[in-house]
Amino acid sequence: MNFSEVFKLSSLLCKFSPDGKYLASCVQYRLVVRDVNTLQILQLYTCLDQIQHIEWSADSLFILCAMYKRGLVQVWSLEQPEWHCKIDEGSAGLVASCWSPDGRHILNTTEFHLRITVWSLCTKSVSYIKYPKACLQGITFTRDGRYMALAERRDCKDYVSIFVCSDWQLLRHFDTDTQDLTGIEWAPNGCVLAVWDTCLEYKILLYSLDGRLLSTYSAYEWSLGIKSVAWSPSSQFLAVGSYDGKVRILNHVTWKMITEFGHPAAINDPKIVVYKEAEKSPQLGLGCLSFPPPRAGAGPLPSSESKYEIASVPVSLQTLKPVTDRANPKIGIGMLAFSPDSYFLATRNDNIPNAVWVWDIQKLRLFAVLEQLSPVRAFQWDPQQPRLAICTGGSRLYLWSPAGCMSVQVPGEGKHIPEATDVAALLCAVWHHTG
Amino acid sequence: MGDWMTVTDPGLSSESKTISQYTSETKMSPSSLYSQQVLCSSIPLSKNVHSFFSAFCTEDNIEQSISYLDQELTTFGFPSLYEESKGKETKRELNIVAVLNCMNELLVLQRKNLLAQENVETQNLKLGSDMDHLQSCYSKLKEQLETSRREMIGLQERDRQLQCKNRNLHQLLKNEKDEVQKLQNIIASRATQYNHDMKRKEREYNKLKERLHQLVMNKKDKKIAMDILNYVGRADGKRGSWRTGKTEARNEDEMYKILLNDYEYRQKQILMENAELKKVLQQMKKEMISLLSPQKKKPRERVDDSTGTVISDVEEDAGELSRESMWDLSCETVREQLTNSIRKQWRILKSHVEKLDNQVSKVHLEGFNDEDVISRQDHEQETEKLELEIQQCKEMIKTQQQLLQQLATAYDDDTTSLLRDCYLLEEKERLKEEWSLFKEQKKNFERERRSFTEAAIRLGLERKAFEEERASWLKQQFLNMTTFDHQNSENVKLFSAFSGSSDWDNLIVHSRQPQKKPHSVSNGSPVCMSKLTKSLPASPSTSDFCQTRSCISEHSSINVLNITAEEIKPNQVGGECTNQKWSVASRPGSQEGCYSGCSLSYTNSHVEKDDLP
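Protein chains in written order, with the numbering used here: chain A, 1 to 435; chain B, 436 to 1048.
To be clear, the hints were calculated from the coordinates, so they are not data collected in a lab. These figures come from a predicted structure and were not determined experimentally. Where is the CB? At the ideal position from N, CA and C, for every residue including glycine. No false leads were mixed into what you were given.
Anything over 10 Å on all C-beta distances counts as not near chain A; from chain B, calculated:
{"no.": "1", "residue": "518"}
{"no.": "2", "residue": "793"}
{"no.": "3", "residue": "890"}
With a straight-line Cα cutoff of 30 Å, these simulated DSSO-like cross-link-like pairs (lysine-lysine) come out:
{"no.": "4", "chain 1": "A", "residue 1": "246", "chain 2": "B", "residue 2": "612"}
{"no.": "5", "chain 1": "B", "residue 1": "779", "chain 2": "B", "residue 2": "721"}
{"no.": "6", "chain 1": "B", "residue 1": "634", "chain 2": "A", "residue 2": "130"}
{"no.": "7", "chain 1": "B", "residue 1": "644", "chain 2": "A", "residue 2": "69"}
Simulated DEER-style distance windows between Cβ atoms:
{"no.": "8", "chain 1": "A", "residue 1": "316", "chain 2": "B", "residue 2": "593", "range": "37 to 43 Å"}
{"no.": "9", "chain 1": "A", "residue 1": "41", "chain 2": "B", "residue 2": "631", "range": "56 to 62 Å"}
{"no.": "10", "chain 1": "A", "residue 1": "360", "chain 2": "B", "residue 2": "691", "range": "33 to 39 Å"}
{"no.": "11", "chain 1": "A", "residue 1": "177", "chain 2": "B", "residue 2": "600", "range": "44 to 50 Å"}
{"no.": "12", "chain 1": "A", "residue 1": "316", "chain 2": "B", "residue 2": "600", "range": "29 to 35 Å"}
{"no.": "13", "chain 1": "B", "residue 1": "691", "chain 2": "A", "residue 2": "328", "range": "39 to 45 Å"}
Could you put the whole structure together from the sequences, leaning on the hints where they help?
In structure tokens:
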């Protein structure tokens, strides 16, 4: 694994283009676009204000820079550096901005979620979508970019609208049987929409593209419910992580639960490999496992003292005592991610924040547990192979593959890896590029 | 009385009591004072009793005491001590015989009483010990009862406590349940309230939003605008189309198309999966059929026809099915049939497997029960046999060693050296030498024998003459002694016959005399044998030696048989003996026998030597 020299960054804005050729990063009000291979600066754009959000269009031709404070969005073209576009939302304000999958429309959400404005770069047309719901994941596009599902709230009722992205025509509009819809997510095949309710109630609803309710699933009542939801890339499974520290896997035929993965703090099954990160322990290095991943670069491993060792099996993991009288308690499954081949599922239980659990989906059982020294901030699967990158906020990056796991020191003295997602994205892009 | 009791030992107290009762019943005698003491004379006499006794009768009161005793005895059923009075006047006299009888009877009674007393005492003791035992048992049981009672009480107490606890727990559970119910109700009410509040707030919020919307949006905000250099083309290169009903329909179509595609895809997948499964099923079925068909006969023969018929049915079905399934795999009826047949076969297979399992387990069990035992028996037998063999071998070796030692010690150094280096050639030479020696001896013996035979012939002749003489003499005597009657003539005939036979015997002897010749050899042979055995080496060469001896023995046996009874009587035993021995010795390979034979023959030869004339 190679590391470049450190670039200056502001507000953690750094993104690779979807085709993996370019890297966009922001320094204050400047946007810098580099070539991934040479890391030479290709373009340098200057925005009107400090950039708060950047996003590549799906075809890697445009970059969107949002300046929420001023309600401004500026779009830059990579092909034509002199081309510019500025969208001003005016007094309505701006809280979110995103590209539509075709890369020709920009969806801006105004303050208080009053409406969503769809700006087209092709025509001068502007569309408004009223009553968008202010929720965690209110907009979702199908993977092929044809349809957009939008959560709406009208008259204290939740609705879902499905739009055709090509002409923003409303295709379906239906109310959902939810108290307070929290998230919606398309299945990767674009035919099933998962809709889940607020954390106060365990309820997940599955809708077909044409608005039919396919199934409803509820594991229990009177307790905090769903915390995270993830579709497997094959659309075959829907993993639902909840506040009771369990992941439930639903199948795509009957939409019934196949299995339930508990996340106990004590692991007793001798079949499960528990990797424990150990720092500065050369004498404990006997049981350490640092298999270099098969395609790890030629770069020599930095002299890292952090190593993994295999813990002998009855292992009890560090747990956090959740503060129950505060909102958003640190319990339950907060993160879920399927590996791209759908063979593995990585999870994190929020009251065991140092551990990442890797489940074998083929055998529907726990495969490995990684216990870090510090809480896991994020993890991301390699899009090419079953390899998981984990960030804990330290200066290290951790990699897991079925063969073993290793830790990599990220160069840059004293500089913490800013935001795990970026690094994960970075890794993602690197993998994408090399793979 | 009380004084009395103290005098007599406690064992007698009962008796004395009875006696005293008696005495109390009986009329008081003049010397009633002593009566009790008198009575107690039947009891073992202690010294003081004696003294009393002596005091009972004094010179003065003899008559009185006698009469008293008489009275007493008569009351006890004894005969009177006095002689039967002839007259009233005459004074009755003491009948000493009666007295003595009485005394005797009293003594006998006394003895009997003593015996009874002893018995009673022992019984009493026994009973006492029994009593003790029972009492101890009783006390023990009592204790046990007490402890168990205590235990029971404890258990009852515990039970009670537990029940109490249980009740409490039940109560607690109930309370908890109630609590849970209450809490749930509270939660529900709170939830409804929360929802209500939320709705209210949301409404308010919505109103505000609406208002804001109106304020912000309706006023033509100049600022809301897009400043763009030039419009870019669409990603797909098409121009944007107007929104019309057509596009709507098209979108719908597309959506359904997508959905349809998805469903088709899924259906295809399912079909594929189905096909795979069907294939597997078919294969399984085929394999099952092939697996079951060879066993088809067996179960038919073995268990019952039902399974067999089922199998055949199934096979027929399967045959049809395989043909049908070629036409249409997904036909419902076919599927049903297929599943049914598979199920049937599966059942059969299962039962078969179970049977096999049972058999296997049975076999295992049997194996554990029988085979093991058998094998153990076999094993034991085998080991026994082997041990026996070993024992035999050991014995053999021991005897051999003993013999060898005997030979080594008893005979000269020659033999020991020979024993040490038992080379065949040397032995042969030695044997040859011995053979020549033996031959010489034989010649000598033969010569001797000839003389013997001659002497024997002579003797026989003489004997014949003597016999004839005797016969004639006997005839003469008979003729003289008996009259000429029929019976006598018969007797004569018989006798003549008898005599004739004897003659005949003699004749035979005569005729066989030339054959008798080897007899002398036989007589002499043990001697030479003994000589041979002297130099007999313990080596395999003894076997041929044995053969030679057997040859000789055969000769000798024949001779022995041929020799007349009178002549070889003294030798016969020995001869037979040797014969037996030699026959044993002649058995090839059995060295032991040979040795024993040798030794025995040696001894026999000695005997024969003694017997020889």
